[in-house]
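Residue 1 is where the sequence shown starts when you use the numbering used here, and the numbers rise one by one after that.
Note that these hints are calculated values from the structure, not bench results. Since the model is a prediction, treat every value here as computed from it, not as a measurement. Careful, some of the hints might be misleading.
[Said to hold, decoys possible] Distance windows between CB atoms, simulated: (1) ASP68 x ALA15: 36 to 42 angstroms; (2) ARG126 x ARG204: 17 to 23 angstroms; (3) SER71 x GLU48: 23 to 29 angstroms; (4) GLU64 x VAL169: 15 to 21 angstroms; (5) GLU151 x ALA15: 35 to 41 angstroms; (6) ALA103 x HIS27: 19 to 25 angstroms; (7) GLU184 x GLN22: 32 to 38 angstroms; (8) HIS27 x ALA149: 14 to 20 angstroms; (9) GLU25 x ARG206: 15 to 21 angstroms; (10) ASP68 x LEU156: 16 to 22 angstroms; (11) GLU184 x ARG101: 41 to 47 angstroms; (12) ARG199 x PRO14: 30 to 36 angstroms; (13) ALA110 x GLU187: 30 to 36 angstroms; (14) HIS27 x HIS129: 21 to 27 angstroms.
Where is the CB? At the ideal position from N, CA and C, for every residue including glycine.
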Amino acid sequence: MRIAKPVLRPVAVPAWRLDAAQLLEEHHLVAWSPQPENRRLFAWELAEHLARFEDTQVCMIRGEEVRDLASLRDELRAVLDVGQIAARMEGPGGIIDGLSRRASATGEPALKRRFFIWSDADVLLRTDHRLFGRVVDAIAGVAAESEYASEDMLFLQRAVFVGSSVLDVYAEDPRGQFRSWWAEDGEDPFWSVVTGRSRPVFLRYRIEDAAV
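My request is simple: use the sequences and hints to build the entire structure.
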């Protein structure tokens, strides 16, 4: 689901929204809560806040719908607005290729930022933790390549993974893709080679601490 830019009115912005937006300048977020309603409110209110930025695309991924590559492809195709995407990670037209493209409309300025808000991200983690790791790796890797290794105009991409405490447990694992690049056995991690970054940059974020 793409979030439309809201009509701007003078309003008092809750401090947690400003804090989260500032954290996203340098990090991806792993936002968790034991309370489903708190998770839902956090995701929607943060998406609404980020959609106020100029030249920004906010992509809401409905995690309850994502259980395999095909359903992930369907969600990304719906929110990215970059044309066809195949149900495979790599190769021309695949998911990594789709994440690398930026949507553009005739006469509109080029996008400068893209934010993914992935609600119920723990659904895929529970269903297929290996695929979840590959997807996290792809999102963080494409973001790092755009920021550190591309000669094109800067395109800042950040992701917020929202879910239960299962996400936070995964974020503690040094082998998981919130803390390390994915790699084939015996090979150097692809994104480390491409970007020069030793690891992806994620912050763990307890939603209740934000006083939603």
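Against the structure, the hints:
no. : hint                                : in the structure
1   : ASP68 x ALA15: 36 to 42 angstroms   : 39 angstroms, holds
2   : ARG126 x ARG204: 17 to 23 angstroms : 18 angstroms, holds
3   : SER71 x GLU48: 23 to 29 angstroms   : 25 angstroms, holds
4   : GLU64 x VAL169: 15 to 21 angstroms  : 20 angstroms, holds
5   : GLU151 x ALA15: 35 to 41 angstroms  : 37 angstroms, holds
6   : ALA103 x HIS27: 19 to 25 angstroms  : 23 angstroms, holds
7   : GLU184 x GLN22: 32 to 38 angstroms  : 36 angstroms, holds
8   : HIS27 x ALA149: 14 to 20 angstroms  : 18 angstroms, holds
9   : GLU25 x ARG206: 15 to 21 angstroms  : 20 angstroms, holds
10  : ASP68 x LEU156: 16 to 22 angstroms  : 29 angstroms, violated
11  : GLU184 x ARG101: 41 to 47 angstroms : 25 angstroms, violated
12  : ARG199 x PRO14: 30 to 36 angstroms  : 31 angstroms, holds
13  : ALA110 x GLU187: 30 to 36 angstroms : 34 angstroms, holds
14  : HIS27 x HIS129: 21 to 27 angstroms  : 22 angstroms, holds
Consistency note: the structure conflicts with the earlier hints numbered 10 and 11.
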